[in-house]
Amino acid sequence: MVANLSDRNSSIDYDELVKEDRIHSRLYYDEAIFQQELEQVWYRQWVFIGHDSEVPNRGDYRTGMIGRQPIIICRGDDDKVRVFMNRCRHRGMTLCQLKKGNSGGFVCPYHGWTYKNTGEVNKIPLEETYGTQLDRKSVNLIEVARLDSYRGFLFASLSAEGRPLMENLGLAKDNIDRFCAMSPTGEITLNHGVYRMKIRANWKMWIENSADGYHVLSTHGSNMYLNAMFGDEKDKKKGGGAGLFNELTARDLGNGHAELDMRPMRRKIGMMATGEWDGKVDEQAVADYKQSMVDFYGKEKAEQILIDGPAHAIVFPNLFIILQELRWSVPVSPDETYIYYAPALLKGAPNEVNTMRLREDEGAYGPAGFQLSDDIEVWQRNYSGLDARMNEWILMSRGMGNDRWVDDEGATVEGHLSELNQRTQWAHYKDVMTGKYS
Amino acid sequence: MALDFRKIEQFLFREARLADENAYDDWFALWDDHEETVYWVPCNHDDVDPERELSIIYDNISRLNLRLKRVQTGMAWTQEPKSRVRRIIGNIEISELENGLIEVGANFQATEVRVNVNTPFFWHGRYIYHLRPEGEGFKIRLKKVLLLNNDQEMTQLTFLV
Numbered sequence: 006m007v008a009n010l011s012d013r014n015s016s017i018d019y020d021e022l023v024k025e026d027r028i029h030s031r032l033y034y035d036e037a038i039f040q041q042e043l044e045q046v047w048y049r050q051w052v053f054i055g056h057d058s059e060v061p062n063r064g065d066y067r068t069g070m071i072g073r074q075p076i077i078i079c080r081g082d083d084d085k086v087r088v089f090m091n092r093c094r095h096r097g098m099t100l101c102q103l104k105k106g107n108s109g110g111f112v113c114p115y116h117g118w119t120y121k122n123t124g125e126v127n128k129i130p131l132e133e134t135y136g137t138q139l140d141r142k143s144v145n146l147i148e149v150a151r152l153d154s155y156r157g158f159l160f161a162s163l164s165a166e167g168r169p170l171m172e173n174l175g176l177a178k179d180n181i182d183r184f185c186a187m188s189p190t191g192e193i194t195l196n197h198g199v200y201r202m203k204i205r206a207n208w209k210m211w212i213e214n215s216a217d218g219y220h221v222l223s224t225h226g227s228n229m230y231l232n233a234m235f236g237d238e239k240d241k242k243k244g245g246g247a248g249l250f251n252e253l254t255a256r257d258l259g260n261g262h263a264e265l266d267m268r269p270m271r272r273k274i275g276m277m278a279t280g281e282w283d284g285k286v287d288e289q290a291v292a293d294y295k296q297s298m299v300d301f302y303g304k305e306k307a308e309q310i311l312i313d314g315p316a317h318a319i320v321f322p323n324l325f326i327i328l329q330e331l332r333w334s335v336p337v338s339p340d341e342t343y344i345y346y347a348p349a350l351l352k353g354a355p356n357e358v359n360t361m362r363l364r365e366d367e368g369a370y371g372p373a374g375f376q377l378s379d380d381i382e383v384w385q386r387n388y389s390g391l392d393a394r395m396n397e398w399i400l401m402s403r404g405m406g407n408d409r410w411v412d413d414e415g416a417t418v419e420g421h422l423s424e425l426n427q428r429t430q431w432a433h434y435k436d437v438m439t440g441k442y443s
Numbered sequence: 170m171a172l173d174f175r176k177i178e179q180f181l182f183r184e185a186r187l188a189d190e191n192a193y194d195d196w197f198a199l200w201d202d203h204e205e206t207v208y209w210v211p212c213n214h215d216d217v218d219p220e221r222e223l224s225i226i227y228d229n230i231s232r233l234n235l236r237l238k239r240v241q242t243g244m245a246w247t248q249e250p251k252s253r254v255r256r257i258i259g260n261i262e263i264s265e266l267e268n269g270l271i272e273v274g275a276n277f278q279a280t281e282v283r284v285n286v287n288t289p290f291f292w293h294g295r296y297i298y299h300l301r302p303e304g305e306g307f308k309i310r311l312k313k314v315l316l317l318n319n320d321q322e323m324t325q326l327t328f329l330v
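Respectively, the protein sequence lines represent chains E and Z. Going letter by letter, the first sequence gives residues 6 to 443 in the numbering used here. Going letter by letter, the second sequence gives residues 170 to 330 in the numbering used here.
Honestly, the hints are just simulated from the structure, not real lab data. Cβ coordinates follow ideal geometry from the N, Cα and C atoms, glycine included. Just to be clear, a hint being listed does not mean it is correct.
[Said to hold, decoys possible] Derived lysine-lysine pairs resembling DSS-like cross-links, with alpha carbons at most 30 Å apart:
#1 E:K304 x E:K285
#2 E:K285 x Z:K238
#3 E:K105 x E:K142
#4 E:K203 x Z:K251
#5 E:K105 x Z:K313
#6 E:K295 x E:K178
#7 Z:K238 x Z:K313
#8 E:K285 x E:K273
#9 E:K273 x E:K352
#10 Z:K308 x E:K285
#11 E:K85 x E:K178
#12 E:K203 x Z:K238
#13 E:K105 x E:K352
#14 Z:K238 x Z:K308
#15 E:K104 x Z:K313
#16 Z:K313 x E:K285
#17 E:K178 x E:K306
#18 E:K295 x E:K352
#19 E:K435 x E:K203
#20 E:K203 x Z:K313
#21 E:K178 x E:K441
#22 E:K105 x E:K121
#23 E:K203 x E:K178
#24 E:K104 x E:K121
[Unchecked claim] Under 7 Å between C-beta atoms, here's a sample of chain Z residues computed to sit facing chain E:
#25 N213
#26 E220
#27 E222
#28 L223
#29 S224
#30 I225
#31 I226
#32 T242
#33 M244
#34 A245
#35 T247
#36 E322
#37 L326
Given these sequences and hints, build the entire structure.
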């Protein structure tokens, strides 16, 4: 890897690097910028960390990361979900080694300190020998500065200051709603396994790729071919062919959030999501699902939900809500990112429907998925291309000057082949990095 | 029925070589065209319930066929160019199942070299096969791949593990 240009503490002029129609590739590989991103983005903004259905029972826990900082998400014996720093208060040892489990508390093997799963320090061996030097109340597990959730989606901030979560989510809240609305009780569960991907690329490349319509025909050419050659009539109708795909729009949701909106295409096709399941799910199970949706939402709303289908949107900086899956990223270094892909099952839906969701997830995503493996490959090659530095500008101009409009919900919209979403994300990134947005 | 260890071992070695060398049609011909046939790579742990838990691969014969078709379109970019793979299979243990199939357990270590990456990738774990004797050979009814790293962050897995 070519050596980085910046001194770690140098000040970066983001106005020079993020222009309206292009960005400078230094934003991806510069170590000083990465460190500043940790401070301004990962340790200050609302970061997605998981869903509370991953810790359904008292004592359930799951470890994770916020930026480079290890955390434990834990539902205590009092049924409250908390997020702790994964670190013993004594000498700082990593407390929890497992990725998930259930426990009454946490034990540090170094000196034997223990903590309750509600965070209070419990037993301190030979405590009396501390004399007056230790105040118990001051050595409970440290919780994240702010924790909030919407429909079980857990967001944490390591900064005590900042705007509330719902204000930050803004229009992206609707995408969370649409994602959950596929369930006949309005609830999803995320406790069914997770793909863990190690990607040799910068975390921002993943965001750029996610709500992007332009790459589909080429990056996923192999799938377009499979669909054309082997897809059945329903698949072809759902896929829309290249023509109907053009109905998709790119939507700027504000605050760096962006959507690739499938609803215009789906409404034009007019086929409910259940139509796509013919042959894949038992007929009775589909009928039961549809009925339970009608029972819960009423006929008109249930039909609208099923036609509109699930969401497809990025919530800055690290959550991607996509169809039957949630994805979130953890930055490791300028040239490495971990991304987690977890299928969401629908509470209240027949088992056959949920099993089908798993099968669909497996076909498309994960390390062996027909779609995802190609996305990852292009990000990785994108990153290694940045070693060529005679001209470092990255084009972000596609669609500028095209028709754009503001829809009923206040989102700015352009055709899906526009790079509106990428420009939106970079503009917000600049505001976050310069402190204009906090 | 007396189990012929050498014959089973040679079958496994041949299957491995065909997979290593991307001989897609010959490799696919080893699979049993049966509704219960499955190519299975569990995710996160070895004992996944496929009704409720995710797998990295859970292909019936139909999807396995699509998997092989996809990688031959010339547009499956992770395999353009193709990875170079060689694996060793060992620790082979065989037993007969009640339904007449043969269960074979074996450990494997595979090395994958990609043209555009300096360091190789290692894939290690255990194979569980269920083989149906047919004629002088076998057909694969089950190939379950227990990756050591199935709960760790990993790279793309697009060769025939």
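Hint check:
no. : hint            : in the structure
1   : E:K304 x E:K285 : holds (24 Å)
2   : E:K285 x Z:K238 : holds (21 Å)
3   : E:K105 x E:K142 : holds (27 Å)
4   : E:K203 x Z:K251 : holds (20 Å)
5   : E:K105 x Z:K313 : holds (24 Å)
6   : E:K295 x E:K178 : holds (25 Å)
7   : Z:K238 x Z:K313 : holds (21 Å)
8   : E:K285 x E:K273 : holds (23 Å)
9   : E:K273 x E:K352 : holds (29 Å)
10  : Z:K308 x E:K285 : holds (26 Å)
11  : E:K85 x E:K178  : holds (23 Å)
12  : E:K203 x Z:K238 : holds (26 Å)
13  : E:K105 x E:K352 : holds (22 Å)
14  : Z:K238 x Z:K308 : holds (20 Å)
15  : E:K104 x Z:K313 : holds (24 Å)
16  : Z:K313 x E:K285 : holds (23 Å)
17  : E:K178 x E:K306 : holds (18 Å)
18  : E:K295 x E:K352 : holds (14 Å)
19  : E:K435 x E:K203 : holds (26 Å)
20  : E:K203 x Z:K313 : holds (23 Å)
21  : E:K178 x E:K441 : holds (22 Å)
22  : E:K105 x E:K121 : holds (16 Å)
23  : E:K203 x E:K178 : holds (29 Å)
24  : E:K104 x E:K121 : holds (18 Å)
25  : N213            : holds (5 Å)
26  : E220            : holds (5 Å)
27  : E222            : holds (5 Å)
28  : L223            : holds (3 Å)
29  : S224            : holds (6 Å)
30  : I225            : holds (5 Å)
31  : I226            : holds (5 Å)
32  : T242            : holds (4 Å)
33  : M244            : holds (4 Å)
34  : A245            : holds (5 Å)
35  : T247            : holds (5 Å)
36  : E322            : holds (4 Å)
37  : L326            : holds (4 Å)
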